[in-house]
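Trainee: Letter by letter, the chains look like this.
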Amino acid sequence: QKEVEQNSGPLSVPEGAIASLNCTYSDRGSQSFFWYRQYSGKSPELIMFIYSNGDKEDGRFTAQLNKASQYVSLLIRDSQPSDSATYLCAVTGGGTSYGKLTFGQGTILTVHP
Amino acid sequence: GAGVSQSPSNKVTEKGKDVELRCDPISGHTALYWYRQSLGQGLEFLIYFQGNSAPDKSGLPSDRFSAERTGGSVSTLTIQRTQQEDSAVYLCASSLAKWTGGGYRELFFGEGSRLTVL
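Chains as they are written, first to last, in my numbering: chain L, 1 to 113; chain R, 1 to 118.
Since the hints were made in silico from the structure, they are not lab data. All of these numbers come straight from a predicted model, not from anything done at the bench. Cβ atoms here follow ideal geometry from the backbone N, Cα and C, with glycine treated the same way. Heads up, some of the hints might be wrong.
Stated by the list, open to error - Here are a few chain L residues that face chain R, going by a calculated C-beta distance under 10 Å:
| no. | residue |
| --- | --- |
| 1 | Tyr-36 |
| 2 | Lys-42 |
| 3 | Glu-45 |
| 4 | Leu-46 |
| 5 | Phe-49 |
| 6 | Gly-93 |
| 7 | Gly-99 |
| 8 | Phe-103 |
| 9 | Ile-108 |
Said to hold, decoys possible - BS3-like cross-link-like pairs, simulated, lysine-lysine; straight-line CA separation at most 27 Å:
| no. | chain 1 | residue 1 | chain 2 | residue 2 |
| --- | --- | --- | --- | --- |
| 10 | L | Lys-2 | R | Lys-11 |
| 11 | R | Lys-57 | L | Lys-42 |
| 12 | L | Lys-42 | L | Lys-2 |
| 13 | L | Lys-2 | L | Lys-56 |
| 14 | L | Lys-67 | R | Lys-11 |
| 15 | L | Lys-67 | L | Lys-2 |
| 16 | L | Lys-56 | L | Lys-67 |
| 17 | R | Lys-11 | R | Lys-57 |
| 18 | R | Lys-57 | R | Lys-17 |
With the rest of the complex left out, here is chain R (with noise of 0.2 Å):
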């Protein structure tokens, strides 16, 4: 596709539950991040990938959140028995992951999925 693509868009869950979300990048794009923003909030770094290998997964808040990427492509954010304070907008973002001189990396952003957790 020409941007990068999120599903599900909103996702309304009951707290105990599993859910998955899972990003689709740009064609291309070798970087791959995982962002939450919770509301009114800036955005929280929780992993992200090099291929298919995660050099960074400081960002995880729980042993409940998983993240895998196959193939250098599609990116699936696991999160097991949701609690109420998971409510936020999973934001995924790729790259090129391109260096010229001191180093650019243009993330492009996804719109989102909304999770709430009742």
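Excised from the complex, chain L in its bound form (with noise of 0.2 Å):
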């Protein structure tokens, strides 16, 4: 099992829509979650992060996490061509692990006029 799994994709939305993106762990020990934006040829760059059960929200983003089955989501309202990207889950390690930043396969988001 891959210590961060999300669904490759590619997830295709119309532009105005929402996109939901999805990440599972296995660490149960893990205390932060990041979303990373990838463009082409690009390095990635923080969306949002997110520590405490429940929603968080920022502009058009909203980061969804549920520790108890160690989920994580990342909703993108208003969905525009401009975020067409690869986006990464990242989480961080339990235990003395904190300092690692292990990230996911990344799903590639297509936004269609």
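Build the complex from these two chains, which are given one at a time in their own frames, with help from the hints.
Mentor: Next comes the structure, spelled out in structure tokens:
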């Protein structure tokens, strides 16, 4: 079992729709959870982080965390073509591995006009 | 510098040769990470440093890979006797490693070093 799993997609949504990206993780001790966006040929950049159960909203983005289910998601409202990118879920380790940040394989999102 | 700097940006080498990849993190960032990204794949963790020490080296693929960090700043990733499967983009990232509440760790990435082994 991979430490962090994502559906690789591609996920295709029409402009203006809600895009839903999902991620599961295996380490119950994980404390912090991140969503990074990576445009083709570029380096990843942080979109959001979350460490408490529930929802966290930032503009068009909402991160959702459920530690009991070991599940974290990202919702993008009013999707735009400029949101087309690969979205990477990242999770910090538990216990003495708290400094290690592990990434999933990423979900490719395409927003079509 | 203002951001994480990596060099070289591109490296083509022959199988069996050694290569060194360099990372200069953001000034003041105590944590430094190396990841590898193969074409169309996610980021594969290699190693991270806290200061000059490496608490977790578990991601290094084999003993041909080594990394060091000196002065709590610049890091070098060395690959000995390169193989074709080593071809990838090697990404370096740095972080303030500041913990707030449950933990906050934003990584700032460099542009990467693209390694091609012929």
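Trainee: Tell me, which hint numbers fail for this structure?
Mentor: 10, 14
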